[in-house]
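Number of protein chains: 4
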Amino acid sequence: MPQNASRAAGRHFLHIPGPTPVPDRILRAIDTPLIDHRGPEFSALARRALDGIKTIFKTTNPVIIYTATGTGAWEAALVNTLSPGDRVLMVETGQFASQWRNMAQKLGLVPEMIPTDWRVGVDPAAVEARLKDDKAQTIKAVCVLHNETATGCMSDIAAVRRAIDAAGHPALLMVDTISSLASVDYRHDEWGVDVTVGGAQKGLMLPPGMSFNAVSDKALAAGKTARMPKSFFAWEDMLTMNRQGFFPYTPATNMIQGLVVAIDMLHEEGLETVFARHERLAEATRRAVRAWGLEILCRDPNAYSSTVTAVLLPEGHNADAFRALALEHFNVSYGASFGPFAGKYFRIGHLGDTNDLTVLAALAGAEMTLSLAGIPHRKGGVQAAMDYLAEAHAKPERAAAE
Amino acid sequence: MPQNASRAAGRHFLHIPGPTPVPDRILRAIDTPLIDHRGPEFSALARRALDGIKTIFKTTNPVIIYTATGTGAWEAALVNTLSPGDRVLMVETGQFASQWRNMAQKLGLVPEMIPTDWRVGVDPAAVEARLKDDKAQTIKAVCVLHNETATGCMSDIAAVRRAIDAAGHPALLMVDTISSLASVDYRHDEWGVDVTVGGAQKGLMLPPGMSFNAVSDKALAAGKTARMPKSFFAWEDMLTMNRQGFFPYTPATNMIQGLVVAIDMLHEEGLETVFARHERLAEATRRAVRAWGLEILCRDPNAYSSTVTAVLLPEGHNADAFRALALEHFNVSYGASFGPFAGKYFRIGHLGDTNDLTVLAALAGAEMTLSLAGIPHRKGGVQAAMDYLAEAHAKPERAAAE
Amino acid sequence: MPQNASRAAGRHFLHIPGPTPVPDRILRAIDTPLIDHRGPEFSALARRALDGIKTIFKTTNPVIIYTATGTGAWEAALVNTLSPGDRVLMVETGQFASQWRNMAQKLGLVPEMIPTDWRVGVDPAAVEARLKDDKAQTIKAVCVLHNETATGCMSDIAAVRRAIDAAGHPALLMVDTISSLASVDYRHDEWGVDVTVGGAQKGLMLPPGMSFNAVSDKALAAGKTARMPKSFFAWEDMLTMNRQGFFPYTPATNMIQGLVVAIDMLHEEGLETVFARHERLAEATRRAVRAWGLEILCRDPNAYSSTVTAVLLPEGHNADAFRALALEHFNVSYGASFGPFAGKYFRIGHLGDTNDLTVLAALAGAEMTLSLAGIPHRKGGVQAAMDYLAEAHAKPERAAAE
Amino acid sequence: MPQNASRAAGRHFLHIPGPTPVPDRILRAIDTPLIDHRGPEFSALARRALDGIKTIFKTTNPVIIYTATGTGAWEAALVNTLSPGDRVLMVETGQFASQWRNMAQKLGLVPEMIPTDWRVGVDPAAVEARLKDDKAQTIKAVCVLHNETATGCMSDIAAVRRAIDAAGHPALLMVDTISSLASVDYRHDEWGVDVTVGGAQKGLMLPPGMSFNAVSDKALAAGKTARMPKSFFAWEDMLTMNRQGFFPYTPATNMIQGLVVAIDMLHEEGLETVFARHERLAEATRRAVRAWGLEILCRDPNAYSSTVTAVLLPEGHNADAFRALALEHFNVSYGASFGPFAGKYFRIGHLGDTNDLTVLAALAGAEMTLSLAGIPHRKGGVQAAMDYLAEAHAKPERAAAE
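Protein sequence lines, in the order shown, are assigned to chains B, H, Y and R. Numbering-wise (UniProt numbering), the first sequence opens with residue 1 and increments by one. Numbering-wise (UniProt numbering), the second sequence opens with residue 1 and increments by one. Numbering-wise (UniProt numbering), the third sequence opens with residue 1 and increments by one. Numbering-wise (UniProt numbering), the fourth sequence opens with residue 1 and increments by one.
The hints are simulated quantities; they were obtained by calculation from the structure and are not laboratory data. You can trust all of the hints, since none of them are fake.
Simulated crosslink set (BS3-like; lysine-lysine; CA at most 27 Å straight-line): (1) Lys224/H with Lys58/H; (2) Lys379/R with Lys379/Y; (3) Lys379/Y with Lys395/R; (4) Lys379/B with Lys395/H; (5) Lys54/Y with Lys218/Y; (6) Lys395/Y with Lys379/R; (7) Lys106/Y with Lys218/H; (8) Lys224/B with Lys106/B; (9) Lys106/R with Lys106/B; (10) Lys395/B with Lys379/H; (11) Lys218/H with Lys132/H; (12) Lys54/H with Lys224/H; (13) Lys54/R with Lys218/R; (14) Lys106/B with Lys224/R; (15) Lys58/Y with Lys224/Y; (16) Lys106/H with Lys106/Y; (17) Lys218/R with Lys135/R; (18) Lys135/H with Lys218/H; (19) Lys218/B with Lys132/B; (20) Lys344/B with Lys379/B; (21) Lys224/Y with Lys106/H; (22) Lys224/R with Lys135/R; (23) Lys379/B with Lys379/H; (24) Lys224/B with Lys135/B; (25) Lys218/B with Lys106/R; (26) Lys106/B with Lys218/R; (27) Lys218/R with Lys58/R; (28) Lys106/Y with Lys224/H; (29) Lys218/Y with Lys106/H; (30) Lys106/R with Lys224/B; (31) Lys135/B with Lys218/B.
Predicted, not measured: the structure shown is a model, and the values here were computed from it.
Given the sequences, and given the hints that come with them, work out the whole structure.
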């Protein structure tokens, strides 16, 4: 058998934590002849999108749709609510929290970072403590990630909200849900979030190129006095035009064709079923990792992510070489590692349009690559995942039989 | 978790032994605006298809392309070469051999069937013996399947050719390669086959709707005197028009768009690599079945199919219920059982655009369904397949390192 | 401007009388991952197709769906109802009537042809007269084309039925609607047709690769005693399996995905609206031809086709050269000429997914090519067509205003 | 015929001046399974895109690719080169020039606008005069549109460059080519432009969702000291990552799949041929307008746009009602009017993947709608356009014959 023999054949298993595999039905919706973005057909489409996306964020307030990737929606959250020199409190849960901090800095804000070891979620007590210290209330916003894509640690947003309230602090709460939205339960209104940042290319199962800001009334009010320069990302024109089913400038019409289908598909499966599926696949993945005798980066079981699991390799083994080998032999992609852990772990994405068998395939690819790479591990990871999944599927069968 | 929770999500794993998963590149080629089937663009396309398909059959003679599924090409083989009342010798290797026999009968030919227990391939000695008995040479054709899709048993076509020659018999040799073409090595010219019947929807990775007759000079000569009525399937007009890059009546132009891409893809991977991949995936599948303690329907290791493996369930367990359960819980399709074995086995297709991980996923689905269905088996099938595949991938790595 | 400068740019205008432009929605439906042709999802799809297609033929009897182009459905009509040596009465309305006759001959039937000059439809009186002469009732079927694609002449099928009845003759009535179905009103049951032959790639707006037989009870009864050899095209197995939502052998599953969308689209527009649209576009085309001072091949205004108009060029001008020039300069395809008129006319298809502007574009391409080719003509064809169409659109506006 | 009968049928004619009809080949390239945006396959793709796009802008410097529509690239041009309070000189050629000015204002810059009556392009002499007045050189940039999409007036960019040079002024020259790029000759390097802003959804034939900044060394140098806050649009990280074939944050991978195909298609046709085709179609359009007796908004023949023609309706006739009527009856979209001319003109886009027949169809739709709407006009617009186009195609024929 020649080397790389299998490379070209069969479907690629895309198990980075996003972009995720886009369902054919959505790809085909995007593959539609262009329509006039100022005509009646578009207006009807846009209204469906603008109404539908609210159900995903669980908000009754408007959600702004940007033609930009998630990074753009981060910027939108900051520039629409803050003024030059404003302090923002962030928590360094990992690479993406750091990047958001860097962005705040570049934009002329003054971010302050609560550090972590990158292996846990946000500590609400630490947030509360810091806010209580801020007697002058110079901190204008608390910015956290619901799910730190880089580490596979989630944070309890409702608890962060309670922390802010307990501190009696008026800071806005801004939350990045880029790698959790539509995969893990999220409640913009109920949890009292002021700006939620979302993206298209993860749980929403779209290609990259679209992102979102869900906004509270408080955030909208803050927007009235915010003095950060802004134009492309400005909420105001968007909200005005959106009310008539249009956009102030040409939107990504074909992405919106895909978006309405994505929202339909999520509701056809049922959001709660979608969330349960993600939890199940995440637990199966963790059982595989433990069976291999490897370590999960996230060290707080309460913070385990339902969308991505980061797997530490033993000392002396390079995770990037591991990923390249897996791609070469098994046509599967895993996510990279970052920052203090660069080269030390790989991430298995188990989100979006995935199911039991796609995740088992991803785990099989990992287990075989561990062998190929000569990385010390125990066999049986896939077996452990299968045992768990078969049991999960057996329960309702048994319940139905009773 | 609600029952069927995972049903809608993620990609379907299509592991029937055809139609097989069509690569996106081919689906997209078929998804092309229609062109004039009598214009210069089509003519250039048709020539590419007509030339390219020869390389797949390994013939320098013409290959006729039909807008019909494989059953149509079976009929074409018979009606173009035979006359009413002609005797044809067939071997009952399974369901599809039986159906071809039934067709011969319906068409007014006189088929004679060498029986088997459906668990082996063709016995060339039996063919030779029967032909030697046919002193009057009333048998006009020997019709066999290269791969019996219903059972997963392959036959040695070169040996059948030698058997005919050893009998000194002038019968034509007709071979069905519907479920082996472009997956297993096949040599129309070298093996002295007179008519090879092929289909689009298996190793060629196209949707169903196209089939083929590769022909020898002897078959073409037989066609001159054959008296079976025929029109749609008649070779003659086809061969005449094909020479100019056209067809006597409207062909399935968009399928031909897909065909040229399919041929390109097979050569990009390399036919020998394609064959080795199919062998590897078949062996991995068999190792899983053995590890489960289940029986492979094919009882002759020399006849194991590289494209499909039929797995017998223990007495008292219904294979159709098993398949329905797998579909419901794990979004995977396996093939049905037939004839004397109806309900007793399921088939795992491992052909076409498949790779190590898709086959492992199909095996994982089967192993978990065995559990769900309460069918006695040992765990470890997927593990055995992974062990084999990891080893297979390790060899070239080690060889390269030395 | 370099020669052929515009060739590559912009959409091709496909104005042959089929295959017709396939709507993107249908192409995208065909561009769908393959499903198990023996699973529940397919069964539901097949039932939708089998039920829906009846509404297109206006029949309550079954319609058989073939994976074959129209030529195959011609053969199916003959072999399922007739016996070797049976006489069939045909009318030579043009090239396709001749080809059907040739097929009958090849299949061992005895066709008899009522000649025409290729410029009219079927004369019911001639059919009646011939049948009355057939005292021995040796004629088993009358085979006519609803629309002769080669000439643009339609025939009155209800009148042919009355002619057969008036002759008191038991012959079956078989009708080819390949280039009229779903474009022109057609009533299989009401008109007492025994077998209607239809195709996918014209009014049904699908790519070529699928065809149909709608059948009467009388045709089914005839099938019981018909002795033509048949297998691929045999009705019986099809009808049995179709009842359960399946096919006796692998059907073209992805074409069926397209078929159900095509049927939906026809009903969304409304069949009567579809027919009116075809009539309007045909009349616009004829007005353009007359304004050019050119002759329409069809010399009976009652027989004008709503789907295709054949345009005679003046003596000494070659229609194939004209078509090549139009393709080269204006990226438009017209249909070829045949038989006694080979090279003398070109055909403008105005059927399927076409509208006022696509037909005007096709006419503009023709008018400019007449100039380019130096063919004597008057200008003003497009203008005449526009005048007619603007008036046609103005009427309902005015009516609504009153 | 029921009202709106033809609405659903046939392809839509999208003749707004962008988004333009996307060729199927590009839509299909975008309709591709997602790949890892940090893997080797993407890196190879990105390099092709980054290299190829330079040839479209005719620059050897880097071009930055944004996941944002053109408005985003406008902002990028400003924030990467300027500092708060900087003066920029603009020319009010129409709606889009005004919007860019508004953006500058919102971002905290100090725009100054040279007015026009919206019916001409930029007057280089006025630019030169204003710059000469600016002794203190407080104007940091001159921002103009190559083609004012709202009016169909083009400007001579090389002349603007000469005007700046003649004034001896160091201001940067920034040019919007959103509706001219890849349709009209444009030379970033040769004309000494500092920042060129481009978009995907016009001449580049992609859906909206991608835009560009081509940059000069002088612009890059200005970027080192520019103090506008920026992050999403910052050039620096982009340039660094692009060098390795990657992006600092997830790019719109599938749009990049389409971009490389778009660039290939433009070069297959030949950029000069593309430009000539646009000129030809624009001239045909203008001849139609004149034949109707209507007025072209652009009153300077030297400024006629090759991509869009704005047509003034007679007093008392509303252009929006006209457009709605055309859409309803003829399935064609034209562009809207703006500002002082709101409701007074409609725009015919003749750019991107269009050809002679698509433009004639668009003109036919307009001419028939003029009738339907009872708007005074002369017939013969389509005829005039056809006469011109037939002649244009005849010339090379004649030349070849000589």
